[in-house]
Amino acid sequence: MRKDSCMRSKSELDLFSVPPTQVVMEKRYWEDADPITSISSSVTVEFLCAAISGDYTDLASSYLHVKAKITTAVGENVGVDIQVGPSNLWMHALFSQCEVLLNNKLVTPIKQSLPLPSVYRNEHVL
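Numbering (the working numbering), first residue to last: 36 to 161.
Derived from the structure by calculation, the hints contain no laboratory data.
Predicted, not measured: the structure shown is a model, and the values here were computed from it.
Each hint can be trusted.
Below, in silico cross-link-like pairs of lysine to aspartate or glutamate (EDC-like), each with a Cα-Cα straight-line distance of 20 Å or less: (1) K102 - D69; (2) K102 - E66; (3) K140 - D93; (4) K62 - D93; (5) K140 - E81; (6) K102 - E81; (7) K104 - D116; (8) K102 - D67.
With the hints as extra help, turn the sequences into a complete structure.
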């Protein structure tokens, strides 16, 4: 614990008092950001989220919506008699690397094994 820090309990555990009202944010809105290039199996998927002066982008509340279709190895539709579906954590397995750049400066560590931390956290949840 830092010397200049004081002790406190987790606010999530305080069930018997009225929580404070957040007054820093005036409004909240969602904005769609489509990939800037077409998506293929061998191309990097890149998004450009332009900064708006005075707005804060909450990366912890950002989501990636993926619309996918399961096909055979040659790209044909799967037969109706064949049962297929995504496995656990399939979204994590889609990407091998994820980088966040702010003003063209890398702000996230480069990890080549992106799915592994998610699998570990999922299997070792208390």
